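Undergrad: These protein sequence lines map, in sequence, to chains X and U.
For the first sequence, my numbering begins at 1 and goes up steadily by one.
For the second sequence, my numbering begins at 1 and goes up steadily by one.
Keep in mind that a hint or two might mislead.
To be verified - Derived contacts from chain X toward chain U, CB cut-off under 7 Å, selection only:
| hint | residue |
| --- | --- |
| 1 | 31 |
| 2 | 39 |
| 3 | 57 |
| 4 | 61 |
| 5 | 264 |
Claimed, not checked - Calculated cross-link-like contacts (lysine to aspartate or glutamate; reagent style EDC-like; alpha-carbon spacing at most 20 Å):
| hint | chain 1 | residue 1 | chain 2 | residue 2 |
| --- | --- | --- | --- | --- |
| 6 | U | 235 | X | 64 |
| 7 | U | 236 | X | 337 |
| 8 | U | 187 | X | 24 |
| 9 | U | 236 | U | 278 |
| 10 | U | 236 | U | 199 |
| 11 | U | 187 | X | 64 |
| 12 | U | 235 | X | 337 |
| 13 | U | 287 | U | 257 |
| 14 | U | 236 | X | 315 |
| 15 | U | 235 | X | 343 |
| 16 | U | 272 | X | 315 |
| 17 | U | 272 | X | 339 |
| 18 | U | 87 | X | 259 |
These are computed hints drawn from the structure, not numbers from a lab.
Keep in mind that this is a model prediction, so the values were computed, not measured.
In this text, a Cβ means the ideal position worked out from N, Cα and C, and glycines have one as well.
In case you want the letters, here they are:
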Amino acid sequence: MPAAPGPSGMAPRLLELADELRNEGMAVGTSELLDAFGALDAVSWTSREDFFEALSATLAKSQEDRRVLELVFDRFFFRAVEREAAEHGVKENEGDQPEGQGAQGERLDLEALRDRIREALQGQDGSDGELRDLARLAIAAFGRQGEGSGVIGVDVQRIRRTLGLKGESQSAQLPDPDAVPRDRLRQFEGHVRRELERALIERTQALPPSKPLRELDRALPTGPAQDLAAVHRVVAQMRRRLATQGREHRGRNRSSVVDVRRTMRTSLSTGGVPLELRYRPRRPRRPELYVLCDVSTSVTSASVFFLSVLHALHDSFRKLRSFVFVERISEVTEVFERERSFEAVSRAISGDAGVADISGYTDYGRVWVEFLDKVVDDLDPRSSVIVLGDARTNGRDPHAKVFAHLAERAGRTFWMNPEPRLYWNYGDSVMAAYEPHCTGVFECWTTAQLEGFVNAIADLGPVRKS
Amino acid sequence: MASDLQSLDETRDALGRAGYLAGESTALVSYLAAHLGKPVLVEGPAGVGKTELAKALARATDRKLIRLQCYEGLDEAKALYEWNYRKQLLRIQVEASDAGWNDVRDDIFGEEFLLPRPLLSAITEEQPVVLLIDEIDKTDQEFEAMLLEVLSDFQVSIPELGVVEAKTHPLVLLTSNNSRELTEALKRRCLYLWLDYPDVERELEIVRLHAPELSEDMARKLVEVVHMVRNLDLKKPPSIAESIDWARALLLLGAEDLDGDVLERTMSVIVKHRTDLDLVAERVGVKLTDGLIGSRRAG
Chain X
1 MPAAPGPSGM APRLLELADE LRNEGMAVGT SELLDAFGAL DAVSWTSRED
51 FFEALSATLA KSQEDRRVLE LVFDRFFFRA VEREAAEHGV KENEGDQPEG
101 QGAQGERLDL EALRDRIREA LQGQDGSDGE LRDLARLAIA AFGRQGEGSG
151 VIGVDVQRIR RTLGLKGESQ SAQLPDPDAV PRDRLRQFEG HVRRELERAL
201 IERTQALPPS KPLRELDRAL PTGPAQDLAA VHRVVAQMRR RLATQGREHR
251 GRNRSSVVDV RRTMRTSLST GGVPLELRYR PRRPRRPELY VLCDVSTSVT
301 SASVFFLSVL HALHDSFRKL RSFVFVERIS EVTEVFERER SFEAVSRAIS
351 GDAGVADISG YTDYGRVWVE FLDKVVDDLD PRSSVIVLGD ARTNGRDPHA
401 KVFAHLAERA GRTFWMNPEP RLYWNYGDSV MAAYEPHCTG VFECWTTAQL
451 EGFVNAIADL GPVRKS
Chain U
1 MASDLQSLDE TRDALGRAGY LAGESTALVS YLAAHLGKPV LVEGPAGVGK
51 TELAKALARA TDRKLIRLQC YEGLDEAKAL YEWNYRKQLL RIQVEASDAG
101 WNDVRDDIFG EEFLLPRPLL SAITEEQPVV LLIDEIDKTD QEFEAMLLEV
151 LSDFQVSIPE LGVVEAKTHP LVLLTSNNSR ELTEALKRRC LYLWLDYPDV
201 ERELEIVRLH APELSEDMAR KLVEVVHMVR NLDLKKPPSI AESIDWARAL
251 LLLGAEDLDG DVLERTMSVI VKHRTDLDLV AERVGVKLTD GLIGSRRAG
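One chain only, chain U, in its complex shape:
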């Protein structure tokens, strides 16, 4: 059990202190995850703070964060454990002359020769940790199946060694960009959390939290522009992290006001494709120059 996440309100506060403004459902699911000891499957578009949530949880609970980045072709030797074969070989050679076979066999498959990979180390840590399995949808279904044992029973079966059980229960977060439907079996073991882009007010809070020097007016204008950009059909809509970056960039440049010119010069911070750049300049830049953004709400 996480000590800092005793109640829903405490969870929200702890996340807030860790620099993460959690929405209602985010706080609730985090609290449930800590309370029930179940993994959380976080889905949502890229850049809404899925990975950041895991980091914030680690900070909030003062735990170590162990991260497993998934990719196509990830296998258990890289995710679970591996035998340190060099060391085993050395051992065999040292012992070969005078020890009996039985001694050597028992010996070389001991924990001494085991290289723990993220999943195994997450459950064998002395102190509870936060385990982040990032972009689970990038792996194949076989890998998912392998995860099931770890996620539901918090144990790993190693044929030569037996079952390694968890010393402590990690707080597990799995993130997915929804590029592939995950298996039912995996979903069944998880709590589900859908994260979406925040509304203007919340994103404004987030930007203000991370770039407090930016004036209220500028920040609001900036967030409104970002929202407008997200509504266009872009290859890659700007993420929350990019709005924060943009806010910082504007600060650095000492921009007084967010107008068409400033947008033109700095929009590469939030838009990363050439075709997208053109589209944004055409649709949003014009409105900014005409002063259509920000005035409505301010007036």
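Next up, chain X with everything else stripped away, as it sits in the complex:
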């Protein structure tokens, strides 16, 4: 759409673009920029798509980056063109009109326009330019009614409503004949927004200050299932980390197998006499995990998240036992193994697989005692215990000694607390009693923090045999 400025002015433009990308948090280095220039040498600049793909292949190194680039690219070149236009005093309503589709073009009445737009949106083949023209007609028709509010976002919504456009609902069984595909509608709205902006710039002769992208826009379009997917992705990462760590943890020399090939290879430096033995690298061991998850009311908001973590853990680890607790503890390993879908699992846990729950108040002390009772024989230095909970004991005895014993028997103990660190140890939270016994404690209520946890357990460093 916006024509690329001439070759002479391109390099500084690209640098400006790179600058904006950096402001949005993308890592665009000089080497990437050099690549981008190299790539642009190789593709034709007349195709907007090729131009964009070339930039995207060289500058954006992940899907998120690509999304950001797309948004910034649109905004940047739109603004660049408008700036030029404003500087040169070019206006679209004067003299030569680009495609003969001015605001005062054909006098369509609203009804006919409505039908035309709907048709264009329902058909898959409407070109970009065609949509833009329709967007302009819509703005013109809307403007005649004299309802412009001056705020672009509001105007876009009003225009949409006046035109009676609605997106296809995702769940409807019967297709609504009037509904249009959602992505097409969004595309159309984008055009309307852009045309409105263009008109505003023309009126005021100045560019509005550029705003950083909104979080909402940057995020990839996702459904609720995506959250679960994100948790699964992070947990898969965690599996790898725990696995490679365990290898170091066990010490090197116990029951190692001599690697003949490598021993012979080293023996070359001593004239073929194998003075130094080389051992086979160990296969990563399978970590044994015990996860305890608080599902009481004080962590209601976090427990969906915790359950999805648990769900993801079950997908990744085979030697995993999971427990949920409120006042008492119950093992839910089997539920997770039986049920695949997350909904079924949460239904089973809140329903029949049920937590032994009398008062509805968490009793951490009792939980430790019962947990130790159940698994004491299985806990060994190779196992990791992960506790998901807020450490709010409702004033009951925290039994920190039992917890210490438990942490001692297990190789590593991690605590993930769904409250900000600031709230720990206030009220009935007894985090301080447990913290010294844990290998690590973390705030955790988003996937980003979960990722932080995964990174942290990797950075804690392997415990080497001294």
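Please arrange chain U on chain X, whose structure you already have, making use of the hints.
TA: The following block gives chain U in isolation, referenced to the frame of chain X:
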């Protein structure tokens, strides 16, 4: 430079001739990779044709494909090079009696005693090759670091021998299933390509290309079912290769129409987990029996 990938259109055509229907960005990135001599990092869900792209590129450019399959614990002895210690030992024993130490030392660390592994052989081939480093995310970060020298300078440093420089520039593709974030250093050296499941129309083309005997109607119905299955929350969504397999299976069985029964009998071709099977039978099978799929578009 690859001779067959001179322009964007030629690249697309060449890939098409090799049996790979490339999307706009795939063709462009392949062309850039050949033109700029940079490795390409291909990411995307399993089964969207990442590995196939490398194979198709090899076919399209008439190059040999050298493949390095990554796995946990892969080290440089298996990826880069290794000294042929048996041969070295023999050499020492033969020479030990009458040759001076210096001769032997210079001798046993010569190229004769070097066993090239995929990475080294990729850059020392006389003819340019396509190098596929598959599932790079399965290795650890140390291995990635080792790759950097090969990927950016196309050379390998061997302490005893010096630097082995590339005779020809290979076309390098790295694939990743995104199971782990790759290091910035590696990403910086690569062009990035995200492959996703194709839309119905493109996948239809792909299926028609690989199973041309299947009728248009059947193929469309099949692709629509596969898309519907992908939208369910499955352990392993069906890949493109599996849609092709399914198409071939239907041909083999001589199925006339794709209905609930046929799905029931053949869905193990596209769905590989027991729990997934139940889910698909429940959600998709019913719709097929009721004739909800295919009719909307056909009517």
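Undergrad: Next, verify each hint and record whether it holds.
TA: Structure-based check of all given hints:
| no. | hint | verdict |
| --- | --- | --- |
| 1 | 31 | holds, 6 Å |
| 2 | 39 | holds, 5 Å |
| 3 | 57 | holds, 4 Å |
| 4 | 61 | holds, 4 Å |
| 5 | 264 | holds, 5 Å |
| 6 | 235(U) to 64(X) | violated, 24 Å |
| 7 | 236(U) to 337(X) | holds, 17 Å |
| 8 | 187(U) to 24(X) | holds, 19 Å |
| 9 | 236(U) to 278(U) | holds, 13 Å |
| 10 | 236(U) to 199(U) | holds, 18 Å |
| 11 | 187(U) to 64(X) | holds, 14 Å |
| 12 | 235(U) to 337(X) | holds, 13 Å |
| 13 | 287(U) to 257(U) | holds, 14 Å |
| 14 | 236(U) to 315(X) | holds, 12 Å |
| 15 | 235(U) to 343(X) | holds, 15 Å |
| 16 | 272(U) to 315(X) | holds, 16 Å |
| 17 | 272(U) to 339(X) | holds, 17 Å |
| 18 | 87(U) to 259(X) | holds, 18 Å |
Hint 6 from the list above is the single one not met by this structure.
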